[in-house]
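Just so you know, the protein sequences line up as chains A and B, in that order.
So the number in the numbering used here is just where the residue sits in the first sequence, counting from 1, plus 1261.
So the number in the numbering used here is just where the residue sits in the second sequence, counting from 1, plus 75.
If you're looking for bench data, these hints aren't it; they were derived computationally from the structure.
Errors might be hidden in some of the hints.
Lysine-lysine pairs mimicking DSS-like chemistry, simulated, CA-CA at most 27 Å apart [stated by the list, open to error]:
1) 1298/A - 142/B
2) 1325/A - 110/B
3) 1948/A - 1406/A
4) 1325/A - 1279/A
5) 138/B - 1279/A
6) 1298/A - 110/B
7) 142/B - 1325/A
8) 1933/A - 1897/A
Which chain A residues stay away from chain B? Per the calculated CB distances, all over 10 Å, these [claimed, not checked]:
9) 1382
10) 1532
11) 1597
12) 1824
13) 1896
14) 1986
15) 2011
16) 2088
17) 2102
18) 2129
19) 2140
Which chain B residues stay away from chain A? Per the calculated CB distances, all over 12 Å, these [what the hints assert, rightly or not]:
20) 112
21) 116
22) 117
23) 170
24) 173
25) 179
26) 181
Here a beta-carbon is modelled for each residue, glycine too, at the ideal position from N, C-alpha and C.
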Amino acid sequence: MNPVSRFIRKFSMLLGRKRFSSDLAEEMTFHHEQAEKEFLAAGMSPEAARYAAMRQFGNATRLKEKSHEIVGFSFESLMQDVRYALRQLASNPGFTAVITLTLALSIGANSAIFSVIQGVLLKPLPYPHAEKVVRLFLSSAQFPKFPLNPFDFRDLRARNKSFESMAAFTRHDMQLSGNGQPVELSGFAITSGYFRVLGLTPSLGREFDWNAEIPGNGRQVILSDRLWRTRFNATPDIVGRQISLDMLPYTVIGVMPAGTEHPGNDYHAVPYGESVDVWAPFGFEGNPNQRGSHYMEGIGRLKFGVSAEQANAEMNTLMAQIEREHGGSGWSMLVIPLYREIVGANQRMLLVLLGAVGMVLLIACANAANLLLARAAARQREVAVRLALGAPRRRIIRQMLTESLLIALLGGGLGAALAEGGVKALVALLPPGFPRAHDIHVDALVFAFTLLVSILTGVVFGLAPALQASRMDPKRGLYEGSRGSTGSARQQRLRSALVISEVSLACVLLIGAGLMLRSFLNQLNLDPGFRHDHVLTASISLPNANYKSDVDIARFYTRLMDGLRSVPGVESAGAGSDLPWTGYDENAGGFHFEGKTPPRPNEEAHARYHMATPDYFRALGTPLLHGRFLSDADGKDAPAAVVINQAMANRYLPGDDAVGKRFTFEDKPAEKDWIRIVGVVGDVKDKPNSPGAEPAFWFSLPQAANPDMLVVLRTSADPRQLADSLRDQVRRLDPSLAVADVRLMDQVASESVATPRLAFTLVGLFAGLAIVLAAIGTYGVISYSVSQRIPEFGLRLALGAQPATVLRMVLVQAMRLAFCGAAIGLAIALLLARVMRSMVYGVSPTDPATFVSVLAMVIVIALVACYLPARRAAKANPMDALRAD
Amino acid sequence: MAKKPDLLPGTLDMLILKTLTRAPLHGYGIALSIKRLSDDVLTVEEGSLYPALQRLLLQGWVKAEWKMTETNRRARFYTLTAAGRKQLGVELTQFEQMIAAISRVLQDAQEA
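Just chain B, with the same shape it has in the complex (with noise of 0.2 Å):
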């Protein structure tokens, strides 16, 4: 099996409040989608998922609450809160600047 590319560090969290953006979802949901929208390419080990949920939860950036699913299962589901969507503009932005900055050392490194 070939390996997948891991999470750069400190991104999960990010992930997970920006998929929370659109809908509240179970643990499952934010897994899948993040698997989704990513084309396959990252996969969220539940072994991070869940501790990173409670992370996020004790930071006051999420609120769970147990409500019914599609097919009538109960599921705990995850909504975003305002501290959360203000966190996640402080780490895009924190993001993109990275990005920008490795962007521009690559691109340097190419020209050169």
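The following block holds chain A by itself, in its conformation from the complex (with noise of 0.2 Å):
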């Protein structure tokens, strides 16, 4: 049989669908006629005869339902189904409701996460075979990731036989000038081939090639796509022409296409994405012996065929041959492809909200389960007679998932409007430089996902009470409900089971939350070391070109600083290197002190090395603990003096009276060379949730200049007020200059926790939806249970048992099921102890105190909801109950 005519003659007569059924109905009556006939014929009186061939017969009803079948489409009994299913829904508008509601939320949160999961870990990287490229450090166990040294770097790619090529790359911000106001770019030095390696080429132009890395042959730029666009209009003969960067002319040789990504840096980092303006060539200048200083950020292409690992055992051991040439203190080199470079740190986290959230889903199927097994039990009567007329369980159990399924995907049309915001709310709240934050939205790929989650979420919340509402005993299904049915004692546990299961998950949630909020408190209260209050910051560059000496540096910001004193409002004005919390790196060793033995060569001292102006402390808020600041007459001539902080002092000089003393980088130290500690001051972390401060001392600018400073203002007033002064100041020093990143110290610190908040919102958010997901099924549970029970409760108060007896009862029906299922959440919260170990900061995984008061609100939000129905229970009345019976 030819399947195409087939389906014409089904479709036609799926048109004459009216046809049909009238044609059936006809032929029989047809029948029927002619039966009873046959039986009057026989003798039968013409009542018998009637009946006989009714009998004879059989259910019209499921006659033409068989027939129906046979040559319907599949879809058709479908759409049946679903108006059956509207129809229900629509005449329960506040069951419908609830479900609705709570399956939009949770597959809405669950949309939302997966959308950030997609763009941050499940996007390809932008790079063409991205799986081949790595990144390239430096290691020690001190220094897990330390930047290259320029030379080792290039000994290294000369000799290397695992990589096609390989490429070094260091953050090279450069003023552009003369097209507009001065803007400060972000730059990048980069070697030839850095482009090759990431798979990338110019869309107009090329790229640096071999002859730039020579000094003095460094004038090129290639501009990002971005800043072609919008400094120079797009113009197509860009390429050749000159433009003034950090007061020099530079020849742009090419232009990157727009959807150039930067791979991320760790050395003064840049966020990953389109975040780079400008690429100029990296010029090995110096002497090539010289290999003390490290600031490259390796980046390779593999050979095919070549895994990291190997690549990592030929990069030591040219790095051990490197260090035979030149000495060394023991380096091995770091391996790592890009991906688990970039996503490394995030995946943990993405991972453990996924899960939570993933939590959040199972808990509102239960409930939906719950909900739908309570009217499933109000239906009885319905599905009795359904079964009774003869529908088959098989199309019973199908109406039924219909019904799950609709109320599903409706929860999942509205989740996706919530994931919509929610995404947009959830990149708000990313920390600043997320990796990948731009690659977040909702897309195909979600909506895929969030439609095969609600569908899942449909079969799964709809199998149970479709299995039981199939499963019953037509019979016993229309005497019970006729009754008000007591509930068999299976669908009780069943339900039981599931509200336990809610409240475990909730509990595991809640603990969760818990922990992240301590370890966010603690990272929030711990003292910084400053204070962040009433501070303006901002940074500025002093181009090469225009300041050639020390001494023209220390001049700019010497007068800087004296007209920002004379801004009404500022309490105290300072510039330093850097500013606390941003993850400043910059390390001198192999110092030592006086009249101390010098180390031996592995256990070099090392501190963070910083420079700054007298009122840079004061302007921050740090404490002076001994000693004076710096001041100026720590001037240019005058003996070198830093300042300390306290962990330097207690690493260095334990026990000792740090103020005075004196330590030197030099082997055979003159008089002039010795650097005199003048004070200490207390300590500043990394980041605040670093262990420990590193030690770390002070350069008084003049003495050792630096171009790039952070300006720090102290106020009274508003901060931000005084943004424009700082221009107008910088301005009336050098009007080509840029004054770039002006931010409120506060805004640097909140992004400094905004990983714990992130968390910590989440996680509490979730856990928050949980609970009242899990009081809404206890509630459910027992209100229902104790609605099945008013008849007894109600003979119990008629024989003389007091009320508070009965609200005992139902009381202890409601404690059982939250003891129970919090007992399971804390042990599985126990289990969990390991994956949130890196999570959270200042507080055991398994903090008593946390798991302690989860317990109590779990009890207290138990007993909330089991209150109406237990005053309900308390308040029966026997004559109603018997009654009702």
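Mind docking these for me? Both chains are given alone in their own frames, and the hints should help you get the complex.
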């Protein structure tokens, strides 16, 4: 049989559906009459003949249904089910609203989290064959990821056999002038082949070649698509033109296409994404035999068939070779796939969030199943009637599943809308510089995920009630229905189990949220070592072309500070090489203290080195512990003076009074090589969640000039109002300078706790949703069981039981559910402690206080949830109960 | 009431097709004809007759049209199509092969 003609015939029958039904009806009537006639002819009474014919014919409805099934498309009966389900849902708006809303919230939350996961973890990196791209670091026990020395890099590049191409890059911001307002551009100095490693090619012009790496050849630049469009009107003849960067002429040799994403970097980090505007060639200047300074980030593309581990092994061999040739302190190399480097730190947090939100969905499923079970009990009679009329069980199950799927899809649709808004809120909550945050959208894949989750949800929460309903014995169903069913024990058990699992999952989430809250508060409340209120900060870079000497640099900043001090409202004005809590990581090693034996080669003293103007600490509010701050007296020709932090004093001068002690970087120091400690200031950690402060010292700016400084202004008024005065003061000294990154220190501080805040906010939200759902579930089960037992309670009260006794009976039932759920939940939380350990700060993942308060909370909520039903039970009127029976 | 033997599964379609080889019949007529020809041994339940007829219609093995009976009553008459005649041949051959196979087994069982 040709399936096509069969389909056509089926289809024409579908179109003539009315005709088909009337034909069938007429045919059966005819059959009926003929049979009746025959029975009459055989001598039966007319009455008896009619009944005999009817009996012989059997279930006419069933027959019709069977005929319809044969000729009909299955979607037709599906449409019937859908229409029926819609009628059912519309007739019960309260039920439909509760169940749809809870599902929408949890499906929406899942979709929102999934879109983050999809954007950050699942979407491939925007480089061809990104799996071959790796990042290269030096590594030691103390510094697991350390930047490379340029000459080490050049040797590694020349000698390796693992990489198709290898490149290095380092932060090199530039000031663009001569075409409107001067702007500070985020830029990188890159070796040749940088874009080849990433698999990208310029849309105009070309990449830097080897020639550009030779010092003096470097006045070339590649622009980002954005910069080309916004500052140069996208003119196609930009290649070959000269532009003014840092007050020097640079020749544009290329433009990168839109979508050229920065692969991220550690040292003076720029966020991932289209965050870079200019690339200049890196010139290998200086003495190739001095390899002490490390500031290059390495990146490489592996050859086909070479794994990151194999490359790592080769790099270690080469590095050992290089250290034999030039000396070194025993560095090993670290080769990490780019993907792991980018998402590594956030993968765990995102997966924990996905787990949390998945639990919410499970709870919502259990809740929906519970509500459906309760309603199935109320609909027992309807189902019994349909079964008695010959509806096959299969059809009943399908009908019930259609209903639950419809609810789930309704919830999913609403959830998708919520997700759209939720994702926006989520992205706003993400810590600044969160890798790939710009890749987070609600896209087709997220919608597909939402649809899939909705369907799965519908099946999961609909299956139990559907099976339960279809398993019913129609006779008993009709009987029970008429008596106000007591609900089978099995059903009650099932519903209790559902509530217990709801409570236990809610418990896990509450504990998670509690731990996150405590670590967030721990980080927020710990003494930062500085006061971030009432402080405005901004960054200024002095171009080398106009500020050639240390004297020029020092003079500019001294004059700027003087000018700023005179601005009304400014309490103190300082400048430093960095701001607290921004991950500054410049290290100096190899110093030793006067009167102490110099350390052995592998036990070199290390400390962070900074530069600061005299009022830097005053403006930040970092306390002076001993001695004095830096002052204008610590000028270029004065003896070298530094302020150190408490951590440096404790590490290298324990038990001594550090003030007045001297240290040096020279093996055979002359008098001028000695650096005197003039003061000790309080500790500030690198990041709020760093385990401790690192040793650090601050040079006086004129003695170690630094062209790029961060200005810190403390005011008694609103620091925002100082921004214009700051710009004015800078313009007065040099109109070609850009004032960049004008921010409140409060902002900097708040961004540094953005990750724990995000984790706490989300898990807290999920936990809140979970506990509300669990409360609804508990209320539903208790309330239902009370309504079933009203006659019993009434009878007890009539026989002299105290209302308090009845009240207690209900409470005990609720407490049993709550305790079972809480016990399981606490056990799961204990098992999950290992996962949580890396996400909490200053609190144990098995913190007893958190566990106890969650237990208390669950019990209180269970009490609240069963209060109304318990009161109803205690007020049961024996007469009503008897009448209802 | 003594239980009547059930039809062998899959034979109803064949019986209907065979009945229709002689003349077009309405549903009741088909049921009656099968009952008479089998000396009341085979009873076709209406509950299976009409769904079976729909199935045959769908396969294109029979055609249906409304006509008048001898008693001037409107009834739906089923006619065998060429495809139906071919199908009947196929089913008969299969059925005979099966019967032959079954009786060989039964004979063998008796001789043993």
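### Query
So is residue 1986/A really clear of chain B, every C-beta pair being over 10 Å apart?
Since the minimum Cβ distance to chain B is about 88 Å, residue 1986/A lies beyond 10 Å and the statement holds.
Report holds if the minimum CB distance from residue 170/B to chain A is greater than 12 Å, and violated otherwise.
Non-interface label on residue 170/B holds, nearest chain A Cβ at 19 Å vs cutoff 12 Å.
- prompt: Taking C-beta pairs only, is residue 173/B more than 12 Å away from all of chain A?
  reply: Residue 173/B is indeed farther than 12 Å from all Cβ atoms of chain A, at 22 Å.
Taken at face value, is the distance from the CA of residue 1897/A to the CA of residue 1933/A at most 27 Å? 12 Å, holds
Q) Taking 27 Å as the top limit, are the C-alpha atoms of residue 1298/A and residue 142/B close enough? A) It holds: about 20 Å lies between the C-alpha atoms, which stays within 27 Å.
*Beyond 10 Å from each Cβ of chain B, as asserted for residue 2140/A*: At roughly 51 Å from the nearest Cβ of chain B, residue 2140/A sits farther out than 10 Å, so the non-interface label holds.
task = Could you let me know if the closest chain A CB is still more than 12 Å away from the CB of residue 181/B?
result = 34 Å, holds
Just double-check residue 1824/A for me: nearest Cβ-Cβ distance to chain B has to come out over 10 Å. 95 Å, holds
Beyond 12 Å from each Cβ of chain A, as asserted for residue 112/B: 16 Å, holds
### Query
Against chain A, does residue 117/B keep a CB gap of more than 12 Å to every residue?
Given that every Cβ of chain A is farther than 12 Å from that of residue 117/B, nearest at about 15 Å, it holds.
**Request:** Verify that the Cβ of residue 1382/A lies farther than 10 Å from every Cβ atom of chain B, and report whether the claim holds or is violated.
**Result:** 52 Å, holds
Just want to verify: residue 1532/A was marked as not at the interface with chain B; is every Cβ pair farther apart than 10 Å? Correct as stated: the minimum Cβ-Cβ distance to chain B is 65 Å, above 10 Å.
Of the numbered hints stated above, none is contradicted by the structure.
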